[in-house]
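Chain by chain, the residues:
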Amino acid sequence: MSEPSTAIAPELLQPAPPRPELESSAHPGRTYWQQVARRLARNPRAIVALSAIVLLLLAVAIGPWLYRVDPARLGLGTAAQGPSRAQAALLVRDSGEWRLAPAPSDETPRAANALAAPARVSVDSANTERVRLYWQAVPGATRYHVYRNTHAPRTRSDLGLPIGNTTARGQVYYEDRLLLRPREYFYSVVASDGVDEAGAVATLSVTPQLAIGWLEAQLQGLVPASAEPSQWREEKVLLPGHPLGTDYLGRDLLARLWYGGRTSLFIGVTAALLYVALGALYGAVAGFVGGWVDDAMMRFADFVVALPFLLFMVLLRIAFGIGPGESGVLPLVVALLLMSWPASARLVRGQVLQLREEAYVQVARLAGGSSFYIIVRHMLPNVLAVILVALTFAIPQAIFTEAFLSFIGMGVTPPTPSWGSMSNDGIRNLLVHPAELMWPAACISVSVLAFNVLGDALRDALDVNVQERL
Amino acid sequence: MSSETSVLTVSDLDVRIRARAGVVQAVRGVSLAIEAGSTLALVGESGCGKSMTALAIAGLLPAAAAVSGGQIALRGRRLDQLSEAEWRRVRGAEIGMVFQNPMTSLNPTMRVGEQIAESLVVHRGMSAGDALAQAVRLLERMRIPRAAERARQYPFEFSGGMLQRALIALAVACEPVLLIADEPTTALDVTVQREVLGLLRELQRERGMALLLITHDLGVVAQMAARVAVMYAGQIIEHGTADDIFFATAHPYTSGLKQALPERHQRGQGLRVIKGAPPDLLHPPSGCGFYARCEHAMRVCAEGAVPEFRAGADHGGRCWLLHPQVQKPIECEDGGHE
Amino acid sequence: MLAYVLKRLLSGAITVWFIATATFFTMHVVPGNPLSAEKAVSPEIRRNLQARYGLDQPLFKQYVLYIGNMLRGDFGISYTQQNRRVNDIIRDHFPVSALLGVLALCIATAGAVFWGALSAQFRDRWPDTLIMVAVIFGISVPGFVVAAMAQWALLKLNHALGFTLLPIAGWGGFQHMLVPALVLGLGVGAYMTRLMRSSMLEVAGADYLRTARAKGLGAWRIFFRHQLRNALLPVITVLGPAIAAITTGGFVVELIFAIPGLGRYFVQAVQELDYTVIMGTTVFYGAFLVLMVLAVDILYGLIDPRIRLR
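Respectively, the protein sequence lines represent chains A, B and C.
Each number in the working numbering comes from the position in the first sequence (counting from 1) with 383 added on.
Each number in the working numbering comes from the position in the second sequence (counting from 1) with 261 added on.
Each number in the working numbering comes from the position in the third sequence (counting from 1) with 3 added on.
FYI, nobody ran anything at the bench for these hints, they're computed from the structure.
A virtual CB, placed ideally from N, CA and C, is assigned to each residue, including glycine.
Some chain B residues flagged as far from chain A (calculated, every beta-carbon gap over 12 Å):
id, residue
1, L322
2, A334
3, D341
4, R350
5, M364
6, T370
7, D391
8, V397
9, A408
10, E410
11, R411
12, Q414
13, R462
14, F507
15, A509
Simulated restraints on C-beta separations:
id, chain 1, residue 1, chain 2, residue 2, range
16, A, I430, C, S201, 19 to 25 Å
17, B, R533, C, S201, 42 to 48 Å
18, B, R533, C, R309, 42 to 48 Å
This is chain A alone, in the form it adopts within the complex (with noise of 0.2 Å):
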C-alpha cells in the first residue's frame, strides 16, 4: 500500500464526462438460424464441403444435357481407352481376305542358317483395322515368321510378340489385325525352314493410321444402317472423342459418370429424405403422445433395426422386382426406406423427450399456449435442427449402401448406370485400365466425404451449448 504524496490537480477531480457505456451494448438480435448460418458461414471446411455438394448436383443435373453421349452406346473398338480427342479415322469398306499372287517356289529348301533375310519389305496399306505387308522370297524358305515389336529390336531375341506366320507355300504376305494402335510399330519378318528360324531378320516401321471398320461405324452411328459401302463418298468418319476414355464395352465413361450420377445421387438423396421424414413423423409421434403406445411404437423400431441390414436389403430387393426393363432404381429406394428409418425415428423421439420436458415449454404451457402452438413455436425448431443433421449423415449411408449393393449385383440393373455398378465393372479391368474404377469411386468418396463434413460442420453449428472459440 502507497501512501502518495503527490497531489492531484483539482481539474481532475471534477465529475467524468458521461460514458455512453453506462448504456447496455447488446448485440443486435440475431435469430437462432441467423447464428446458425453465420457460425457455418465461418467454417472454411462446411464451404468447401458445401461448394462440392452443389457443384456435383449441378453436374449431374446439367451434365447430361451439355454433354450429349449416350452412356449406353458401346465401341468394342475402343474397349478401354484412354483419354481421346475426337479424330478423323479411315473408313475401311473391304474387310474381307486379302491375296497377293504366291511367289514362284520351285527352288530346293535350305536349311535355316542359309536361309537370307527378306528383301524388300513393304507395306501395302497400314491402317488399324489392318497392316498389310509383303516382302520378296528368299531363296530356299519354306514358310515365313512374323513379329511386331513396340521398339526397334535391339538383339535377335527382341523382336517382340509373334503375331503369326505364313500358311500356304509361298505365301510372302501377311495381314496383321492385332489390337492395333495408331503408335509406331516395328515388323520383322523371319524366314524359315519349317523347323527353325533364320538368324537373318528384316524389320520394317509402320505408323497404322486410325480406321474403323465399316460394321463398327454402322454399330456406333457414324455411318447410317442404310447407307451400302459401294456408295458410300466419304473417306473418313469423325470418331467421337472421350475425354475420360471409355470402359470396357467402349463406352464413354464421362457419360457414364454423369448419367450414373444421377442414378446415385438420386437415390442417394430421394431415399435419404424419405426414410428420414417417415422416421422423424414415427419418432415424433411416439415421443409426444408416450405412454404404452411410445413402448409398442419403439419396440417395433427396435425389431426392424434388428434385422440384417444388407440381407433384407437384397431380400427386398429380389421381392419388389427383378423384372427385365426395369432400372432396378425404385425397388432400391423402397427397400432403404423400409430399412433405415428406425435411427432417425429414435432420434427425434430422444428430441420431443427431452424438450417435453424443457422449462420452456412448461412455461408455455402454463402461459396458455396450445399444444399444435407449442409444437410449431418452440419444439420444430429444435426437432429441425437434429433432422437436418441426420438427413445430411443419412445420404452418405444411402449412396453406399447402393454402391455395396449394385457391386454385388443386386443393386441398379444394366444398362442402368450407377457409380456402383461403374465401380463394379471397373474392377476386371483394374490391372490394365484402372481409371475406370477409379473415376466413379472417387465420385462415390468425394460426395460421401463432402455430405459427412457438411453434416459434421452442421451439427456443430446447430448446437447452441458449443462455445465460440474467441
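Guided by the hints, dock chains B and C onto chain A, whose structure is given.
Below, chains B and C without anything else, positioned relative to chain A:
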C-alpha cells in the same frame, strides 16, 4: 500483510490467456497473503479473474494461459518457477483444491473410496489397504453416514452435498497447508451449503489450514471469512477484514455489490443493479477498471493506474475517492445499511 | 445384473422370431412359386419339396411349418444343390467368415484405441492431422474399392519382389487372412478412431480430470485410470453396430479375395435364387447379430457401473 508467517504470498501476479482474437489479461497485478489457520475470501463476479488466480496458485492453468509476471510463494518457497514434476509433489500434498461442480468432479467409473485413497498412495506411499482405511476415516470425519459402505460406492450414488464433502475429504487427505475452494457451495442448496461451510471451518481449526475461498456470494463471505479481497476486471480493488468490507466499504464496486443483495425490508422495490458490463480484458483500460460504470467517477480515474490507498488499519482500496484531497463519501444516499 | 441378462435374452428370442417371420413373408412376396422358376427339378424332388415345405398349402400353414422347422434348427435343403442341407452349408462356411470377422474387429478396435488416443494427445499437431486424413480416407472410400486396390497393390508387390509375400486370394493359413482382415477392418476402424478421438477430447475437458491433476497424480496414472477408461465407454457402445458393419463388409471382401465364407455363399445363393439358403442365412445372421449385441451390452454393463448397479 506479513510474509514471514503467511502460508501463501502472491505478489503482483499477472496471468495472460492466448485467445484467437488476441491476448486476454485475465489477472493484472494481484497481490494477496493468507496466514496459517485463517481464511481469505476472494470475491467478484464471473470473469473478474478470481478462478484464474486460484488456478495459477495451484499450477493448474489451462494450456492457453500462463503466468506472465509476479511471484507466488508457498511457505516461502517460489511456486511459479516449478517444473511439472515438482508441481505434482506440491499439488495434493501441500495444496488441496475443491472445485465448483461436485457432480462431475469425480471419475464416474471409479469407487469414491479408491479415489480418495489414490492421493494417499501417491503422496504418502501408503499401501492400498491402509489408504482405503484412511479414506473411510476421512469420510467419517466429513460426517457421511455409513462411511465404509459409501467408500465402496460410485459417485452417481451420492447426493450433491455428500459428493462435495467427499471431495473436501479428498482435498485434505494428505493434510495440505493450503486449501483452495473455488465456489464450493454454488451448486448446492442453502441448507447443504451451511453444513459444508461449517465443515470447512472445523477442518481449518483442527489443522491450522489456510483457506482461500473463492465466491461471488457475499452471504458465504459473511459466514466464513476473516479477510476479504474483492476483485474486479483482473485486479484487487479492495481488501480488508470482513467487518471493514461490510461496514466501511472503500470502493464503489463493493458498495454496488452489497446493494445488489435483496433485503427483506426492500419488498416491493426493484433490485438495484450496477449498470453496464465489465471491461473487455483483451484491451484493458489504462485507468480504473470500474471507471465506465462508477457513479462517482472523476477525470483522474481515467488517467493511468490507480494506486492503492489506506482506508483503515488493515484495509486498503484502489480508488481515488480515498485520496485525502477528495471529500466525497463512498456510499450512496439511498438509506443503506451501515 | 442377472435379471438384466435374462430380460435381454428373452427380448432377443422374440427379436429372432420377428426376423424369421419377416424373412418368411418377404420371400413370399416374390412373385411366383419358387418351384415354378425354371429349374430342372425332377418330379420326385418336386414332390418331396412340396411335402416338406407344404408349398401347396395355405400360407399360414407354411409359416407354421417353417417356424417349427426353425425351432428344431432345421433350415432346410438348398434348392440349387439338392444334396446339401442349409445347416451344413452354414456350418461349413460360417467359421471362415467368423474368423475373418473376429480378426478384422480386433484390428479395428485395437487400432482405433491406439490411433484415436494418439490423435487426441497430439491434438491439432501433425500426428493428429495425419491420422485424421487417414480416417477420412477410410470413411469415405467404399470398402470394395479399398479391397480391389489392396489386391492390386499386393499383386504388384509380389511381382516386384519376385516371390509371393502374401497370397492375393484364397484361404488356408494366416498369410491368407492378414490383408483381407486389414481391409475389412479399415472402414469400421476409421469410424471408431474418430469416435475414440472425440471421446478422449471430451474426457480431457472433464471436471474429474481437473480433480485428478489437482491431486498431483502422475501423467500416466491420469491417462490410464481416469482418461482412457472413461473414453472407452462410447467406443464399446458402438461395438454392436461395428460387428454388423463387419459382417456386411465381409461379403465383399470374401468375394474379392475368393474366401470361402458364408457371405460369398449368400451372394451366390442370391444370384441363383436359392430360396432356402437365402432365408436360412438371413435368419442365422439375424440371430447371430442379436447375440452379439447382447454380448456387447453385457460387456458394457460390466465396465460402466452406472448401468450395472442401477
